Structure formats: structure tokens, C-alpha cells
Amino acid sequence: MKYKLVPILITLSLLIVFTTGSVYSQNVDKLKYPKLNKLEVPNVEKITLDNGIRLYLLQDNSLPIFHGSIRINCGGYLDPDDKIGLASICGTVLRTGGTSKWTGDEIDEKLEAIGGSVETSIGALSGSARVNILSDYTDLGLEVLAEILRNPVFDKDKIDLAKVQARSEISRRNDDPFQIALREYRKIIYGTNSPYARHPEYATINAIERTDLVDYHRKYFKPQNIQMAFWGDFNRDDLLKKIKTYFGDWKKDATTVPPLPQVDYKFEQAVYYINKPDVNQTNILMGHIGGLTTDDDYPARIVMNNILGGGFGSRMFNTVRSKEGLAYSTFASYTANIKYPGVFYAFASTKSETTGKCIKEVIKVVKDMQKNPPTEDEMRMGKDGYLNSFVFNFDSKGEVVNRLMRYDFYGLPDDYLFQEKEKVEKVTADDVITAAKKNLHPDAMRILIVGKSDDFDTPVDKLGLGAVDTIDITIPSGEKPKEVSVSNETVSKGVQILKQAIDAHGGLDAFKKVKSVNIKSTLTIKGPGGNEMSLQQEYLRVYPDKSRAVTKFMGMNFVEITDGTTGWKTDRATMKVVPMTEDDLKKKKVEGQRNYIQIFGAFDDPYYKAVYDGSGTIGDTPVDYVAIVDKDGNNICRLGIDQKTHLLKVRSFMGEGPMGPGTIEERLSNFTDVQNLKVPMTSEMYMNGQKQMTSNITSFIINGDIPANSFAKPE
Amino acid sequence: MKITASKLITVLVITLLLSTSGVLGFDFSKLEQSITKHVLKNGLTVLVMERHDAPVVSFVTYANVGAVDDPKGFTGLAHMFEHMAFKGTTTLGTKDINKELELIAQEDSVFLKLREERAKGRFADSARLESLTTAYNEARDASYQLVIPNKFGNVIEREGGVGLNAFTSMDETVYFFSLPSNKVELWMALESERFLHPVLREMYKERDVVAEERRMRTDSNPIGRLIEEFQAIAYKAHPYHNPGIGHMSDIQYYSRKEAKAFFDKYYPPSNLVIAIVGDVSTDDVLKLAEKYWGRIPYRPAPPRIATVEPPHKDERRVVMEDPAQPFYIVGWHIPEATHPDRPAIDALVDYLGQGRTSLLYKNLVKEKKAALQVGAFVGYPGDKYPSMVAIYAMPASGHDNTEMEEEIFKEVEKVKASLIPDEEVAKIKARAKASFINQLDNNQGIAMQLAAYQTRWGDWHQLFRELDRINAVTAEDIQRVAKKYLTKDNRVVAMLNTSGS
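Taken in order, these protein sequences are the chains called A and B. Letter 129 of the first sequence, counting from 1, is numbered 129 in my numbering, and no numbers are missing. Add 1000 to a position in the second sequence, counting from 1, and you land on the number used in my numbering.
For the record, the hints were derived by calculation from the structure and aren't laboratory data. The structure displayed is predicted, hence computed values, not measured ones. Every residue gets a Cβ at the ideal spot worked out from N, C-alpha and C, and that includes glycine. Any given hint could turn out to be false.
[To be verified] Covered, in the sense of this in silico footprint (three residues per stretch, anywhere, with C-beta under 8 angstroms from a C-beta of chain B), are these stretches of chain A:
| # | segment |
| --- | --- |
| 1 | 63–74 |
| 2 | 342–351 |
| 3 | 389–403 |
Using the sequences and the hints, build the whole thing.
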């Protein structure tokens, strides 16, 4: 019944669509506009204090709000290579870590009680502080600002908090494919270690100490490096007096801040691929190095950008989105900075199955920009858009005053924007084509593809767009393996403790006779929402390097099989059996090396050094630790041996857990006699002090039958 | 043109808009007096505010229709129509309108046959499918021959328009941009025309674009997927159940027939509010509004949705496993925005989870260092109908969702067990006041708020009355609503656990 309505509505709708010729059906091109009211460019007062602080003041009493924006000449580009993230953490803890007068929490209370805010941060190229407070509380805003900039104490607890946050952000950085693409593309253009592209890792965050923050602040937070813009509801003379009270006695000195580094770039065609198997859409970025805003053809490039890849009606939008329906999000821009080159990039995100097609379309659009001169309509869009929207550069007081502060920092004249406008007015279609030919290099683009290659219409190595480099975005573990002090003394003690353990577990001869083990166990994992999940596992190992694990869960089989040179595993996403990667095989090898039966059995002819590594307790049990170290000094694992019973109580090693890499600790118990050995039937895996898994062995057979084809590719 | 699928941020912003007036000796009544409302004969409401700071003006068209109004089997249609509203009109975007409309009709008729055959699934006649597909592709390409792509947006950008965009939420569809202030007539002409003579050209290509938008926002975004699940279990009967962007198969099924029917039903002038804020003369604006918008004939506004979500008898919970890092969200059902309990709920949410001094931030982030982020917001997934208050948390590495949940519930129990100190209530009100003043700083924001309040309350003045609502809240009110709504039976939990553990 309900759907009976539909035909009636359709009839009605057809009438509406087809009824044209209404009185005012108009050609918008023929509209006549009144003259635009005069643009009053707000007058910003510039003052330099005796100590070198530069002020930019713009009074506006229309609303009772006081705003400040402070620029500090420093940035993450000054971070030492092993402490990337230092400036960023400094920027956070400046505010949260409190000052000699107030703790950070007290500042939070003061500001939030009145709905005000004072925030600080340090980005890659500059530091900043922002004040937003009702003008009745201007004094409080200024005092908090002065305290933070001049007397931060960098409270240890807040540094720890900032480091926890920074590490958590690192752990999440591969969750969003677009973020991955942006981050990695900057590295592809500027270089992995370039200050314009690099980012923190666990290790660089872990290395940051309080003294680093104190030093960073002491080095760069000086009056001569500081600009302050204030706008909003104040009286100019009053404010100036207050600023002098809070900042006037801050002493300048003769130090300077190192300049931004140079960029080296070589044009080349290349493809970079990042595998992201859990998405159905590919993120594509392609391009090369960009230019400077001071380049002669910068105004022509503004017009070119608008035509090529700006908003609605640009060539990228028209072709890739509207005409081909390949992408929702697509754009292109030849970007420029004042002091270092920008990036030229074209972006599109498209479904996996049209990846190759989309790349080709985008390249076509870029090439076309060099061949087909802009039409009259396009020139209007590219130029008139810029010129007609010029007034929007002045619709916010904050924007005006911040822009002036930035120009002043880089030594550009106040009327720089007006000069740029005059130049844009003169740009011709020829200028645009010349700029496109000169600056765009469609045959030498570096193309980054983030997606699921299994579903691509064209494999990345068949694109014919340059050599393919696969980028591994696995997040490197921040933990350094614990240093073990290797000496004659520690080695002989380590060997002795290990020997006692082997004897307690059944003796070396018994271990040497072990050729294979066949183990059935039940694994209990703390599942979603704290519920426990139970899995069944069958594990066959033939020493030294063959293993087969089949884990059953809810009727599904997950296999991991290796014969020492090749291997197979079940892909979790597709549930298909796929070959192991080099990486998987390497991991399997290391797993074998730290198997305790293998370690014990090799006592006579060890592939390792056993090194005494101190003592401790597991629960209430005192244990001695023996580090098992390979020839190169790498830590294979660490064994904790009961001082009384000499049984193996704990084994720990670096591994991959649910929260990323870290130390995994395996606690062993429930020792039972199996043939001539004493074997732990229960093991509990801990990570970061939290139990992740319990394994209970239900059957343990030594040198049992080995079914044929155990290590071949499973059916 | 985006859908606020991950509306978290929007909601956070809107929540902060609790307002105030007459503070600090600042006279808001003057501001209020500079706003004019006029209703055209066809039912269109026009709001104008003069602000002469800079020669610019912002425009908002606020349509009282959202994803909640999507017909069954056509989820995402409100959003699809929003995309189509950028495709031009009978006078804009075509080389020959009469020829184009003929070709569009052919394209539709072939597509409907193709769709019917496709819907047979395994029983479809493959030869017929193939021939229809070929015919459809030909008809589609033919109709596109006459299109001048993106002409609508093109004209606006060329004339200096900035911020041209739109969004579709569960409750409303909002179109907006700004122009130099001498071009009010351009907006009047273009904007009225797209709701008078829309031509849904290139629709079948645009569906692919929307499908990509879905892949970007939802399918390839773990939190986007989690939130879709959260909404789905939170509502069984009410259409807040459905994702605003639509299900993939629905997106690929739409035809122009449904989109047009949708337009006819939900876009009468009586269901629209337009707001114009900037360097304009109110008289001129109203004259132009009559001239251009007055052309649209009166049609009655569509009815509200009658379906009511039945009270839940027990907690609902969904767990998603994904390689991404963990994310936790819990929501409780609450009444819609205009309900008398809402100011107290807003205050409760502020106290629990907004800002560095909120209970949850202090506990989970500052003290335990267990969360990267934690926050509370109100008004999800929509606010026109009974809604939710929600708390989300992103565990710091080494911490998990179970811990987030325990701590969140602990703090929730605290606010139920004892009264919030009076000075904390005063702080909540002070914060609301400051946010209110801050949002009066830009044309676009003011236009959006005026239109929103006019739509929701039937009176834009309510924007300036929100202060009185929140100032009336007491500690007892906050405790009462906490006890009333933040109960176990009333709650919905969704979490993303990292797989491969």
C-alpha cells in the first residue's frame, strides 16, 4: 500500500523538472552587481620592545574576547636525530608541566573555571602559543602566558604523560590509510631523515629526558626569538603597559637560531607500494618536489593550481570524480613555501579494483595541463576565483594580524599580499602553460600506492611507471634488548646454572635423545570485553627447524608450517593458506632458537652463550637469570631458573603483542614427568604485566609418529 | 559535500554552544535586535543579520531533512540528493536542456529495467543482463555528452565564493558558502534555482562517487565501521539505526525516480530555512528573497517520523576485531534536544568528559595515563528525535578497552552517588558563556546557529535563551538526570579490539 504513493510523486516530480521558462529563469552570467563596499584593511600596530620582542596589536571591541597568538622561532627541525619528538613534547609540557608559580593542573583549573584557554605547541618549523579568554580576564591570560613562556618547570609526571601519549600516537599511526599516505609521501619527496618529513619512533621518544626539555627551552625561548600578536577587546595603552609588566624584564642575548636545512632532490620516475590488506580503497599520491613562493612564476602557478586541481570544476575534479566516478576525494596542487620547496602532488582515493585505471587518469590530467591551454572559462575560474575571493583574506581579525606577523618573520613587506594580487591579475593563459611546462614533470613522478594489491586491476609492477619499492611501515620496537655484561665470570656462572636446570629437567642425555615432540594444548585468551576464549592447538616439532602448528577456533583452522626453508600460514583476513614471507621465516627461526628443549639439548655444542644475568623473584620464588645470547651478542631470550628446584620458571623475549612490540614473559608451572623429562604443562604469557594467554598441555609425546607430508603445503 | 558520519567532532562543537546573554556588561540584546526574520508566502523562513566588519556575506540553506528520512531500502538517499544538488539546474550545467532531459529519461528507463533484472540475482537472464548493461552504458554516456560538468560550483568559485560545501546529518541537510557582499543576488538566483529546477544529471556516476565516500569514511576506516555498528545496535526500531551514508547495496540501487520523489516530499519551501549574515542591507536581502525564492510554489512540510525506539530492557554490546588500535564507546539513550532534561544532561556531559578538568580526563589521562583520549558528547546520532549521550576512549598503548570501561563506569557511578559541588556547577555555566561569545565571531557560524535553532525550535531567539536554560540547572538536576539515564539497561557499548592478539 505504502508504495502506491510513489507513482503519484513521480508524475508530480516530472512536471516540476520539465517546467522550465519560469519568469526569472536567468542567465547568472548577466547579473549586474552593485559596487563592493570598500575593503577597510585593519590597521595593525607594530611595536618592538627593548628586549627584542615584536608586537602586533589590533584592537576590536565588538565582542568581549581577548586573543593572542605567539610565534617562537624554534621547531622540530632542531631535534637531534636520536630524539625526534623532543620539540613536540617540549611544546606540550610547557603548558601541562606547570611553572614556578602554578602546577599545570592549577592552570587547567584557573582557565577552565572561566572558559578560557592558553595552549602551546611546537611544530616542525615553529613554536606557538595561543590565548583565548573573555576580556575581563585579560590579566590572567597574560600572566599564565608569561609564566609558561618564561618559567616552565617541566614536571616529571607530565613529561611521562606526554611520552605515553606520544607512544600511543605512534602505535595508532598505521590505522588510517590516508594518514599513512601523507606521512610516507613526505619521506619519499624530502628523504626519510629530512626534518621536513621525519617523525618520532618509540626509541626517539624513550630517549627524551627532562634535561633535554629544559635545555631546549633555555636555548630558544628568548625575547629576540619571540613575536606576539594580540587582537580583540582591549585598550591599546593599557595592554602595552601590561605586556611590559609581564615581559619587559626578560633579557635578550646574542644567540641565534640555526636556519632551515636545504633540500636535495633528483627527479625520477618510481613506484612505492604499501600493503594495507584490510582496506577496499587505495590511496594514491603522485608528484615531485615543488617550489618557493618567491619564484617569479608563483602567481601563474596559483592560477594553474586552481585550474588543475583546486575545487569544483578543476580538471582533476571534473575528470577523476565527476566524469569517471573514480574517486570522492581528489585534488592536485603545486605547493610552495617561503623558505624551502613545497611538494607537487596529485591525490585520489579509489576502490582497489580501479587503482591502475585511476593512476593513469590522473597522469593524463597532469600531462594535459602542459598541452591544452586553459580555456577562457578556466582562466576566469582560475583567476577570478582568486581575485574575487581576495576580500576573504580580511574577514577575520586574527587572520590579518597573524599573516602580518608571519610576513614580518620572513622579511616580506606588509603589502606582500597586494603585490601578489597585482601579479595574479596580469597572468595570461600563456603564462599558465609556460609554468605548467616548466614546473610539472608528469614523466618523472614518484607514485605512492597504499592499498590491497590482491584486488588491484593492474599489479604495481605492471604499471610501467618505474621500479617498484615496497615500503614496510611496521612500527619499530622501541625497546632495546637489555644489555648483558658478558665476562668469563658471568659466562661460567651462567653455564653452571643452565647445567643445573638441565639436570633438574631430566639430564642432558635425555634432551639429546629428543628428536621430535608432539603437543596438544588448550589456549585460553582474554577475549573481547574480558570474556575468555578457548582455542585448541596441535603442535609438532622436529628438531632442529621443522614445525607445524594447527590452531582450531570456532570450526576454523589456522596453520603455521615450516620445513626450515619454506613455510605456509593461514592469512587471518582471507582465511586462505599463503606462503610465509621472508620475515615470517626469520621469526620462525628465532622462535626455534629460543625453544628450551633445543637450548637444553645443544648444551654440548651450543649455538649460544649462556650468561648469568642477575637474580630476582617470580611471585615469591627466587630465581637466577641466564641470558641466552647469540654469536653476535644478540639476546635470544632470558631464562629464569628457580634457585631451589632449578626448574625453569620463566622465559622472556622480545615479541609482538596485541599492543605492539614489547617484552613477552612466559611463566611456566605444573611440571610433570613425561618419559624421562620434567616438562611444564602450563604456561602463562604476560605482556606489560598483563596476562595475554594461558596454555595448558593435554598431551605431550616425545619422538612419536610423524605423519607423512606434515611439513608440506596443507590441502 | 560530506556526511557527518563520524559526527563526534561536530557534536562536540554543538554541545559547546550552550549559550548565555548579558554577561560582563556586554549587551547581547543589540545583537539580537540586528536579526530579522521574515516568512515568505510559500512558507520559506528567511533570517538576516547585518554585520559590517568586512565586505563579505555567508549563506546557509538549512533543510529539515536528514538521513533519518531515507526511505526503506534506500538508505543514504538524503545524502545522495545533497550531492545531486550540486549538479546544476535547467539553466546551469547543460548545453541543451530539452535534449538532455530526453536523454536522461532514456537513461532512467534503461536503468530501471537493468535494475529489475539485476534484482533477480541468480535467476537473472544473463543475456538480457548483458544487453541491458550495454544499452544502459550507451544511454548514460549519451546523456553526459550534453553536460557542462560542475558548472554550478564553477560559477560560484569564479565569482569569489569560498567554502562551498554541504553536509547531511541524520537530522538535516545543510548547504553553505560565502561571497563578497555585493553578490547576494548571485546566491539568491543560484540557490533558489537548485531547489526550484534541480536537474539530477550525472546521477549514476555520482553514485560511484558516493560509494567511494563510503569506502573512505566507513569501510576503510576502523572507527567509522565501529560507529556504524554502534548506531545499528543502539536503535532497533527508529531510523537512527541506519548509517547516514547508506549501505553499499542501497547506494548502487538508487535511481533518479527515488531521488526526485525524495526531493518533492522533503524540499518544499516550508521545510527550508535560509540564513544570511554579513555586510548586507536587510531590506535588499528580503526583496531579493521574495523575487527569487518566492517563485517556488507552496507545498506542505513533510510529517515527523512517528516510530519510537522502545525502551531497552538490557545493555546492548557489540565487539569488533580489527588490526587497528583499540577504541571504546558507550552511549545511553536520552531525550531529544528540546526536552527539559537536556540542559542538565549537557552540564553532566561537560563535567564528566569535556576539557582537562573533567572527571574522566583527570582520571584516565592525567592520573592513570591509561588513555590517549577520552571525552563525552551529547546528541548522537541525531538530536531531533530521542538521542544519546556517549563517552569514547582511546586506550594508551599497553592498556585495553576493559580498563576504559571499568574506569568510565566508576566515574559515572560517582556522579550518581553524590552531588557535584556548587563551584563546579558555576564553572560549567562560565564555560558555556565563554563558548557562546566565541561562536559569535564569524558570519558562517552565526548563520548556521540561527538556522539550526529556527529549525529545531521554530524560533531562532532560542539561541539566545539557551543561557537561561543552563543557568537554571542545579547540582540536584545533574544528579537526577545521571541517575535517570546513565543506567545499565539503558546503555549501549561498542568496542574495537585489536585482532591478532
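Now for the hints, and whether the structure bears them out:
1. Look at the segment 63–74 of chain A against chain B: 3 of its residues bring a Cβ nearer than 8 angstroms to a Cβ of that chain, three or more, so the hint holds.
2. By the rule of at least three residues with a Cβ nearer than 8 angstroms to a Cβ of chain B, the coverage given for the segment 342–351 of chain A holds, with 3 such residues.
3. Taking a C-beta to C-beta cut-off of 8 angstroms, the segment 389–403 of chain A contributes 7 residues in contact with chain B, enough for the three needed, and the coverage statement holds.
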